[in-house]
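Novice: Protein chains in written order, with the UniProt record's numbering: chain Z, 1 to 681; chain D, 1 to 843.
Just so you know, not all the hints are guaranteed correct.
[To be verified] Cut-off 20 angstroms, straight-line C-alpha distance, at most; resulting in silico cross-link-like pairs (SDA-like, lysine to any residue):
| hint | chain 1 | residue 1 | chain 2 | residue 2 |
| --- | --- | --- | --- | --- |
| 1 | Z | 54 | Z | 331 |
| 2 | Z | 218 | Z | 81 |
| 3 | Z | 252 | Z | 397 |
| 4 | Z | 80 | D | 709 |
| 5 | D | 725 | Z | 59 |
| 6 | Z | 54 | D | 627 |
| 7 | D | 51 | D | 702 |
| 8 | Z | 62 | D | 734 |
| 9 | Z | 655 | Z | 588 |
| 10 | D | 734 | Z | 655 |
| 11 | D | 631 | Z | 124 |
| 12 | Z | 62 | D | 627 |
| 13 | Z | 621 | Z | 606 |
| 14 | D | 734 | Z | 150 |
[Unchecked claim] Under 10 angstroms between C-beta atoms, here's a sample of chain Z residues computed to sit facing chain D:
| hint | residue |
| --- | --- |
| 15 | 61 |
| 16 | 62 |
| 17 | 99 |
| 18 | 100 |
| 19 | 188 |
| 20 | 230 |
| 21 | 233 |
| 22 | 271 |
| 23 | 327 |
| 24 | 328 |
| 25 | 333 |
| 26 | 337 |
| 27 | 340 |
Hints are computed from structural coordinates only; laboratory data are not their basis.
Fair warning: this is a prediction, and the values are worked out from it, not measured in the lab.
Note that the Cβ used here is the ideal one computed from N, Cα and C, for glycine as well.
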Amino acid sequence: MDILDSLMDEKRVYSRHQSGRLELDEMEEFVNILTKSEYSSDVLWVSRYLQFTKSFIASDRKAQSHREIIQDVLNSDLMKAIEELELEANTTDLAHLHDGVRKILAEIGYTRSLATIRWLALVVVKIIHKTLDGIYVNEASLMKLKESMGDSPYVLVPTHRSYGDFILMAFVCFVYEIEIPCVAAGLDFLSMWVMGEVLRKTKAFFIRRTFQDDKLYKLIFGQYVSSLVSQGDSPIEFFIEGTRSRTGKSLKPKYGFLSMILKPFLDGEVPDIKLIPVSISYDRFLEEWLFARELLGTPKPKESTKGLLKVFSILNQSYGNVYFNFGNPISMRDWITREVGSPLTRPITQDVKSIASLIISNHSKLQVLGAFHLVAVIMYDNVVTHNACEMPIPIVTSRLKLVVSAMRTLGLNVLLTKGDLLKEIRYACAINPELMVVEGERLKFLGKNQQSLPPALKPQVTAGVETGKDLDPNKIVLLVVYSNPVAMVLFSPALLLAVIATKESAVIPEFNFLCELFEHEFPIGSCDKENNFKISEEFLLEMDCVFRTPDGMKYAQSSNYQLINILNAIIRPYLAGYLLISQYLAQVTDSTTHKKLLVECQNYLMIQPDSCALSPIYCSKTFIAYCLSSLTQVGCMNKQMSCDVPGVTYSINRKRTSYTTSLLSSLLSQQRTESALKHKL
Amino acid sequence: MTTPKSGEEKQEEYEARLEQRLLGAAKLQGVIPKKRSEIVKWNGWGYNDSKFIVKPGPMVAFTGNRYPIGEMDLPGFTEWVIHTFDIDISRTNPSVPLPPPEAYPKPNIPEEFVEEVEKTGMSFSLEGEDRLMRCHGQTLHDIYTLRFDLEKSIPRIPDIVVWPGKLFSRVTNQLVSFKDCMSSQIKMSDFDITIELSDDDDDLETEETIRVIWVHTMKMHHPSVYVNQPLEKVFEEMSKMYNIPREFVDIRYNDEPVSPSDSLESLGFRVALDTLYASKALQAAPSASESISEPGKNKLHVKCLVKDRNRPLNYYLNPRQNLIALFEALAKELEVPSSQLKVKFDGDLVSAKDTPQSLDLDGGECFDDSAPILPVKIYFEFSYLHNGPEDELDGPETHDHVVKLVELADKLGLVIIPYGGGTSVSGAVTCPDNELRPINQIFWLDRKNLLICCQCGLVGQDLERYLQSRGFTVGHEPDSYEFSTVGGWVATRASGMKKNVYGNIEDLLVSAKMVTPRGVLHKKGLSPRQSVGPDFNHVVLGSEGTLGVVTEVVLKIRPVAEVRKYGSLVFPTFSDGVNCMREIAKQRCQPASIRLMDNEQFRFGQSLKPPGGYLGSLSEAFKKAYLSNVKRFDLNMMCVATLLFEGTKKSVEQQEAKIYEIVKQFDGFPGGEKNGERGYMLTFVIAYIRDIGLEFNVVAESFETSVPWARTLNLCRNVKYVIGKECIKHNVKKFFISHRVTQTYDSGCCVYFYFAFNWEGQDDPIGTYESIEAAARDEILVNGGSLSHHHGVGKLRARWYRSQVSELGETLFRHAKHVLDPNNVFGAANLLDDNVLHTKAKL
């Protein structure tokens, strides 16, 4: 403890600079842009003279407007090839084809209206002032980015946690006078009354959620993206996770759009493409209750303006801070060797995969954590490890110090703005008063079912989720969601720790196997396994969780049990959930379809007597679906195309499944004995 | 010995001269003398009197009156330079002075070589300065080293400079000892030989030096004989020299055998024009032949089965007697030339040199009459005895001297570097290496067929002056044509500015003679096109001095165009310009030359305008206002194309009309004749800029490529980007990168890049430059560009050669090299990378 205290003092965490800056080692660059404005009124501010920095200025031609980009698609070689194919198919009516293409392009294409941008900025700034305490931006790296812009297309690749992401990104660009990025938005936004068109005018272009069936659409959309990258001068923004992550951690990246973006580079049309990983971290998500419900099985409501207004209506509460952290541009030149040649160049899948995975791991490194997330982790550990919903403040404080130092060891940004840990804890509770509260000398988790909720947000009773201990599954899920940003970075060390605790030697293959097994839940480190191992190992050594012996790593029983508990708590639901599912699979005899398997697994999980406080997490369909994909990936199940049953069927690889089961159960039982031991201590 | 000329002889001589005149032969006094440094710079580009200088002010000016901007102050350029490179114009970085004669290393050349060279009458020089002048081309590395790092250059100078041929003719052959070359401690010396051709000396009447070529090796001999003397002496000389019995020496004149009793007179031998061809005869002269039709003691009975004949022919041979007699007898019997016979024994081809013993026919048991019948099968097959080069094109001394030199070098293990104008920018003539610069003589001019035959040392501008005074032109005008030579053009695959009308060198070249250590490669005939297998002109073209020396060249010529007119075009952006060029190329209506400069180069060109020059500052301002306000052009994006029309008045008008019509579609418009003319003038001046740049810590260089149309813009953009990034990487703060499209083809174009930077703060500016250019070249190749459009590969680009021609292609070239030059006499080390490694490492 003393050691930790002195460690914390050395790092001088708490002092605050007067002008919104923090006097804190790596935090210094973060600036609250809400306190930055030199204008007396917001109206004056949004109508100021703007000189946007463009992303790609080719010196040999004029930049293309949005109309010209559409024209460029129509004049492209691809379009000619499509026409030729149509003619070969004896379609004499090219006008029909052209109409179709124009319609598609009209649906996709962005437009730009500076007036709309200014109006939206005004609305957004008003709402932000009401709901957010601050928007912290890593100004130094953003300014560096802005300065380097102009030489090649820049693609912003932010994390996606909220609807707020693209509006806030546009807002940040507006503040720093960077050309508003063209953002790829889901087509469902277009159905929102007024908002769809507003988004379009503020440079959103729309992408259908699925276009596997429509070949023409796929081609035209790809060409549009190509033209946008090679002919346009705006930055481009897309969400590599494909959709909002409801869980607070990164999703497995999608590769389709990334491949489209890269095509102009492979064709040599642009000298380079720079991908900028951006982490947008929220203290509290605007859509937290929706997320919780979705995770528990309620389908996602259709995006509608009404829904959005509803979101705004609840915005009169404080949502804490939002943190923008811009990473270093990833130059495609360093990653892809080009061989300009064939007309249908596609990036090599492996290249795209490793780039995507690099971005995801950058996302997790770039995260900015507020006190709220750290406190959530501590409470989560408390609930899972000690089955308690309350804890004394001094314990919270000491654990908070521990988590902060753990995060710093991993190189993460922890932004503490209040100057005092107690204040930080209070502030964390204030951000989400329905989740946690400080009562007297105790921090309380308001997860008991009797806790009253505002009637509008009262969760609908979701189909038969066992809650154990009378805890509100919604609250549990929220607690998990808010602790997940931390879980993201601690997951690999936690896995390694579990492996070291059970195994004497040869930890690396098992560790890699487990990383792959949980890749769908924690898609980090899969691009660079060795490095992932090294970092996790160093972290555990640094934090005194393990020690080095001549034979390898040894588990350190007595040291730093608080952190060990937290690490164990983080992986527990995943180990338990995956174990249950693979145990169930071991019983399955016939080959079966995905859908059937999913339902059966869910039913099986719900009737498990083992269901603990955490069961809401692993009873969700997403969890099971991820688990099944992962098990397929590691070979516990084999995909088959069969003639009698339509679609894909699965058969079980018993040998592999039993290996997985035994590995998971050994890890889990080791953990149980551990935690029992801790309790006694 | 001296007898007065008879009237008849005088008549003959007159006729010979008349014939020369009819042929159009001429020996030209070239612009560039043997002592190159009298006229051209030893450490930079071009003429000594033409250069940029900085006058107090500071003010940059151009000296000399060879170019239109000569003797003018250039304030715009001064400003441009200071702004672009941020240089302190008051601080110069002067070149080191020319070293004194004693500073050069002693030539390391075998005495035998010098003796032989002296004997043949070639001129040579061992002087350091002459040798230094020829140890480099015009790459940045060469010039930089000469100016600032001369100690590095000096050890690498050739040992001797030789000028084959007689007066006025210069072949510069730089020779290095082969061993030295390989150990990378290259020592070279210059060997300069001048021979006074004592033209009408009476003494020559009686004793003549004649040319005899030993056809097996294409070696040239120069025996002296009296005109009336029997040629017995020549026969003896040959037999001694090649160590064969005199009876086996076969000498032919006009394809007729010459008897030893013939004399030059009796043959009607024209000393100036004709050559004798000597070879080893297939059979001894009749006197030496032994009867083989009669059996005799110890003789073997050889039975010859002849295809299509029923009866075998019987002969009797001595075991140690070679089969020549047999061949001869067979030839006689079958009535075919012995050279066309093919004799086989046991399925293997038998050569005339074989003896029954060597063929294992003796066996010991068969020495009597009842010897077993030896089945020797004989059948006919056409085989053609190679008779050496056609004599109608066989040039005078130069060619022979080159042959001699190459032979000598081959024998003594020396390296020859043919040297032309020394304008190479591929590192091709940088020692160790080879370009070719023989004499500047014109052999004949064929007005009817529009051909000219000249020696390869002829400098471009001399050739054009000669031709244009007679109403013709070759029309090949590379930017270096003031200094580069015909042979150099061929050896590097040069491209001329006006190729749209006249073609590139490969289109212009009809025939070339290349002397290699294994003989002369020479295509027969001057027909316009031949389908005779692969065209070996293409082995010569682009060989970059690695295979042999080009000595004589036949080129196409054209009548001089009636009208020559300049023009220019203005485009709002470079991509509009490129698209327009593409359309013009598509419609195949390119004028003689069309070039498109990018915005940077356009502004650079503007800066070189002398104040109040052609337009005056008032009209300049007006023009600018017109462009930006009326035409809505962005002055930081617009670009300019320059045009050169050639043809009849009418055709030029038509061309202009068509071009200006096309230009409209691309938002361009004509920019006036003056701008076009200035553009072409700048082409020649631009090469001088590097020298002054070096004085102010600015390195500048150009490199080029050819690229398909669809990739042109991408390539330009990406290469500029890469250079920008590389500059940042190398901490280069002030740089200039610009490009232009200089040639258009149906499917693509040639792009030229100009790159310069201020080397302030760089430890090794040349290393930096080379690393940046290499990155740019990689990018060019990735973007579908070629390794070179016309600069060639040399040593600078050798590392990419294999990837461009495929591994098999490289192997093919290696083997060709091995066949033509097994001892690596032409050790220029161009094209093939492995030869260049050690030198490159030193750079």
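Novice: Check the structure against each numbered hint from earlier and tell me which ones fail, lowest number first.
Specialist: 3, 6, 8, 10, 11, 17, 18, 19, 21, 23, 24
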